[in-house]
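Asks: Make the full structure from the sequences, and use the hints.
Line by line, the protein sequences give chains X and P. Using this note's numbering, you'd call the opening residue of the first sequence number 1 and step up by one each time. Using this note's numbering, you'd call the opening residue of the second sequence number 1001 and step up by one each time.
I should point out that these hints are in silico values taken from the structure, not numbers from a laboratory. Be aware that one or more of the hints could be misleading.
[What the hints assert, rightly or not] Just the calculated beta-carbon pair ranges, DEER-fashion:
id, chain 1, residue 1, chain 2, residue 2, range
1, P, N1504, X, E454, 55 to 61 Å
2, P, A1050, X, Y353, 38 to 44 Å
3, P, V1203, X, K25, 57 to 63 Å
4, P, G1636, X, Y353, 40 to 46 Å
5, P, L1581, X, K25, 37 to 43 Å
6, X, A405, P, L1018, 57 to 63 Å
7, P, V1058, X, G403, 42 to 48 Å
8, X, V591, P, E1209, 48 to 54 Å
9, X, E454, P, D1211, 46 to 52 Å
Keep in mind that this is a model prediction, so the values were computed, not measured. Quick reminder that beta carbons are idealized off the backbone N, C-alpha and C, glycines included.
Listed below, chain by chain, are the residues.
Protein chains: 2
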Amino acid sequence: MNLYLAITTFLGAFIALLFAGIKAKKVLLFSEGNSDMQRIANYIRTGADAYLKRQYKVVTIFFVAMFALLIVLSAFGFLSVFVPFAFVTGGMYSALAGFIGMKIATSSNARTANACTNSLNKGLNVAFSAGSVMGFAVVGLGLLDISVWFVLLNYVFKCTTSEIAATMVTFGMGASSMALFARVGGGVFTKAADVGADLVGKVETDIPEDDPRNPAVIADNVGDNVGDVAGMGADLYESYFGSIVSASALGVAAFGSINALALPMFMAFVGIIASVVGSFFVKTGENAEQKFLLKALRRGTSVSSVIVAIAAFPLVWFVMGKENISLYAAVLAGLLSGVLIGRGTEYFTSDTYKPTKDLAKTSKTGSATIIIEGMSLGMLSTAFPIIVVALCILVSYFIGGMGDAERGLYSIALAAVGMLSTLGITLASDAYGPVADNAGGIAEMSGLDHKVRERTDALDSLGNTTAATGKGFAIGSAALTALALMASYVDKIKTVAPSDFVLNMSIMNPSVLVGLFIGGCLPFVFAALTMESVGRAAQSVVIEVRRQFREIKGIMTGEKDADYARCIDICTRSSLREMVLPTVIAIAAPVITGLILGPNGVIGMLGGATVTGFLLAIMMSNSGGAWDNAKKYIEGGELEGKGSSQHKAAVVGDTVGDPFKDTSGPSINILIKLLSTVSIVFATLIVHFHLL
Amino acid sequence: MNLYLAITTFLGAFIALLFAGIKAKKVLLFSEGNSDMQRIANYIRTGADAYLKRQYKVVTIFFVAMFALLIVLSAFGFLSVFVPFAFVTGGMYSALAGFIGMKIATSSNARTANACTNSLNKGLNVAFSAGSVMGFAVVGLGLLDISVWFVLLNYVFKCTTSEIAATMVTFGMGASSMALFARVGGGVFTKAADVGADLVGKVETDIPEDDPRNPAVIADNVGDNVGDVAGMGADLYESYFGSIVSASALGVAAFGSINALALPMFMAFVGIIASVVGSFFVKTGENAEQKFLLKALRRGTSVSSVIVAIAAFPLVWFVMGKENISLYAAVLAGLLSGVLIGRGTEYFTSDTYKPTKDLAKTSKTGSATIIIEGMSLGMLSTAFPIIVVALCILVSYFIGGMGDAERGLYSIALAAVGMLSTLGITLASDAYGPVADNAGGIAEMSGLDHKVRERTDALDSLGNTTAATGKGFAIGSAALTALALMASYVDKIKTVAPSDFVLNMSIMNPSVLVGLFIGGCLPFVFAALTMESVGRAAQSVVIEVRRQFREIKGIMTGEKDADYARCIDICTRSSLREMVLPTVIAIAAPVITGLILGPNGVIGMLGGATVTGFLLAIMMSNSGGAWDNAKKYIEGGELEGKGSSQHKAAVVGDTVGDPFKDTSGPSINILIKLLSTVSIVFATLIVHFHLL
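Replies: So, in structure tokens, the structure goes:
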């Protein structure tokens, strides 16, 4: 079995990375269009490169410091000696996933715009291929990280199965930390540029969006790449990796066999094959309308899901034996939950459905009412995904795990793996959005034909739908992964605790209860900090843009170019400064809570953070998405269209929603996973030193 | 001991009610001013009376239906036969507390305005006396309800101590239900009128606040009384009652003695005496400035707190014996926590401190930025009260209860009792606010001298500070009371469960976990529903006000009176319609959760709802309060003052904050307590019938 496993994971990683490479090559064959387009694309590319380079410098300092700390802890026996190294590799792979995604995205925006001069379908083709590079790079790198460490631990260091499982579950922290840096930094960058550009551009000087005279316009486009692409890639890399290793660890705890460890990894392999097959179904006739495009994308993910659903049955049967075939129910529940949560998000945020249409109407009584209604829409929209996740947990535990505690938790983790198995293709549909968004910007700035802009708008609007689905999916998978990691944490505590330590996870244990309150508070504080970061960073962009309009004569007449680089530099510096505190809090919180309240308090904290984090992330994403689409709905000509007082109110809603949906909301996903991975890494330390 | 207890509780109730009566008589001796003032006051009084009358009709239907259901359940042995009757008495007392508060408030608004023609201090005197009537009526009725039932159960039905304790803890549901109706109905009424009046008045027709030409202006003033006064009274009645009976029940479970049952009731008695004494310290020189007024109010609450802090020591010593003197730590922790949470709320929402000042500055870049910053202020402000409550729990449990599970939980409940012991005077300072607010409205509408309006404004501004403190106090006490009720629920389950039932409250038990998610979601859904209710109701007010401006010629010139009654009627009908669904959800949720997930799921649900409810209520109250005061700060002349673009942005913030702080936020307080009391009432049913 060990050999099969080593081969399969390597093979899966190889196929995914090969497929990503082929897609990348295909995209790069397209032309970047005329010299204007190339120039603008180059601005964006240079800005994004410069940002990532500087981000990695800051992150490197953090990683070196943490590495040193972990080395000390492992020298004192509080950690496996592998953890410090795995911490670094996890961070590197996660960064690499984001880097590849960003590289290909900044190389395909102009190409997409140019392809749109031919046809809508060609544009989709380029943009989706670019998304695929990122999607498959993420899963490929995730599985590669797993396979390399498995081979090392199994063949080089001759660890036992349970040693392998226990060690690998501690490996998520590096990836989580990197993901949080990427999400917070990128999220602050993108929204500071966006809000700053809008506040001075649209509101004060009355020039349209993506107007090349706006000094912050390139920064805005850079932001789409460093925030939505690199951030999203790092985020889901981490969920993918975390769900697999925590499922494996729980499997070994429940069954004690290498087979239980192998199942999640085999599932990942099957998911990659299914995603590759599915992506061949994403095509449509040359002159297709927009609604066919959405169908084409949907067909791809549906085919992949069906393949996984079918293949998982024999897989579970052969790997776990027919006596454990019930675990298949968990895989199905996970797959289905992912789809349902995505659809629920779409229902609440797409302007083809009632909620967003109704929200747009509240703009008639001004910006206050659209804000109130948008908030309440977001809050109300939490109920459906909560019910879906609740049912998924119950089905996984009681049917999948047949009510047995350890098997049940393994089963919940398998649901997370099932949900994330088709990540290759779901992430492709998601990462396609920012590319289309950028393409629209380039089309506008380089003064392409109105028709081209219409096509890029159609792609962008489709991208909004897939982004909404993707966000729901990211949050749902983060919640399930966090639960799996919590369960792994409990197992870890049981293994490392001295014999006199009592694990009392009762909710009426005051340590758990206080942990629950503290944990519940963390996402609120985190969201507040990241929103304030956006506010501060946007202010500095506003000041700079105003300065340029004032000092550089000839910007408004188009005689002189604005100083784009300066705005990018300001966003970069602000976002790098702002990303440190939230990350430090996220890492310090479980350690401090643990040192005071002990492991029971940590469990409470993880539970509290997962619950409120899930709720707050959904609320913020959906409120933000609905405001965005309500604005677009009005811009599409409804309710008196652009320039009306309704539109002005909707713009306020959209601006409030920006940090909600693209900075704070998505960062919370990572927060709840990072808290768990940090807790797992420091478990041994905490179990020996704590106050209460 | 039983006799002492019966006498003490009766005596406490008698003193409180007598004091309320004396204060009421004193207030009514003042003149209501000139005929204009009397006329307007009469409009408000009539409107508020009409509203309450119709609300009680709706509520009566609900109470009759619930009474029938409870009778059936008790016939089948799922309930003590006393519960249906106690359900009704609890509801009646709670309604009565609200009614008395509202009656005196609507009788003292014009009197306060008239007193302000003499001096600021006289105005304060009248308004604070009115607040005292409400404060002491609430605690008096609470203790009366307890003493009547104690005498009945002890002397008439000859119940044992543990029977008394177990029975009385089920009595909260009537008060909770009534409180929720009052809070949601009143909250929707007040904010629908306020938002509706502002949207058409200030924004569309550009007439000032409280202008008698605005048809919704009387409804707005009625709303202050039915929402802020009646709602607040019912809410805190319920916390007061709930904290005492749950502490008594936990005391009997922990110590098995009548003394443990008696201690919380003696504490209540001491608190009443302390509040009476404290209220004599609320006075100041005739020509005092505003800051001395705040000091005068503070002196009253401080004196009361110190008296309780001193008297509690011998009380605990004599009642529980010196071996249990550690319980005194819990009382102190509770008292101190109440003060700290109030101060924290004040820091975040008063414009004398940095957060609100900074918030006001963000109005410079428009309404979107002030909304973003206000949200993040609210979220960030959750951290401090969370830490205070966490410390209070830990101190109570580990020091007060010396780490013993049962004593620890009793100790936590005692902290809630300690916090609420001085409710008489804290509620007086709080209920004083709406009276001052109304007085300002009457001064404006009856065209009193500019100087008088300035004085009422000063009183109103002071009222904002005490309201902020009061809200923090209400939320903090609700959270501690909810925890005490949760502990009582667990005790109840242990008593009624069949021998084969396993209580597994571990956070990794999937029933608990799913309950945690469901419970966590409830405050979000609840806040969403109540906000939407305000939106819908405000829309109908807007339509009506527009109609009157269009159809009744001569309103704008002052030749004809607006049809105030029509607006009041619309608010009444809307709010009564809107209050039903949230209440039904709050009552159905624990029953449905219980029937599916069983008692473990219910515990999870209560924990989740308490944590997210606490967080959301603080966030919404503080965001709303800060927006309100940021607007007032600008209106005071800062940042270019009234009419500037900053002011317009701040008005948007204030309007968003209205349903946040006065409808949804405060309703959540009651939601979390109602969920617990419903769970306790239906515990026997659920423990016998549940799916998982």
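Asks: Give a verdict on every hint.
Replies: Status of each hint after checking the structure:
| no. | hint | result |
| --- | --- | --- |
| 1 | P:N1504 / X:E454: 55 to 61 Å | holds (60 Å) |
| 2 | P:A1050 / X:Y353: 38 to 44 Å | holds (40 Å) |
| 3 | P:V1203 / X:K25: 57 to 63 Å | holds (58 Å) |
| 4 | P:G1636 / X:Y353: 40 to 46 Å | holds (44 Å) |
| 5 | P:L1581 / X:K25: 37 to 43 Å | violated (57 Å) |
| 6 | X:A405 / P:L1018: 57 to 63 Å | holds (59 Å) |
| 7 | P:V1058 / X:G403: 42 to 48 Å | holds (44 Å) |
| 8 | X:V591 / P:E1209: 48 to 54 Å | holds (51 Å) |
| 9 | X:E454 / P:D1211: 46 to 52 Å | holds (49 Å) |
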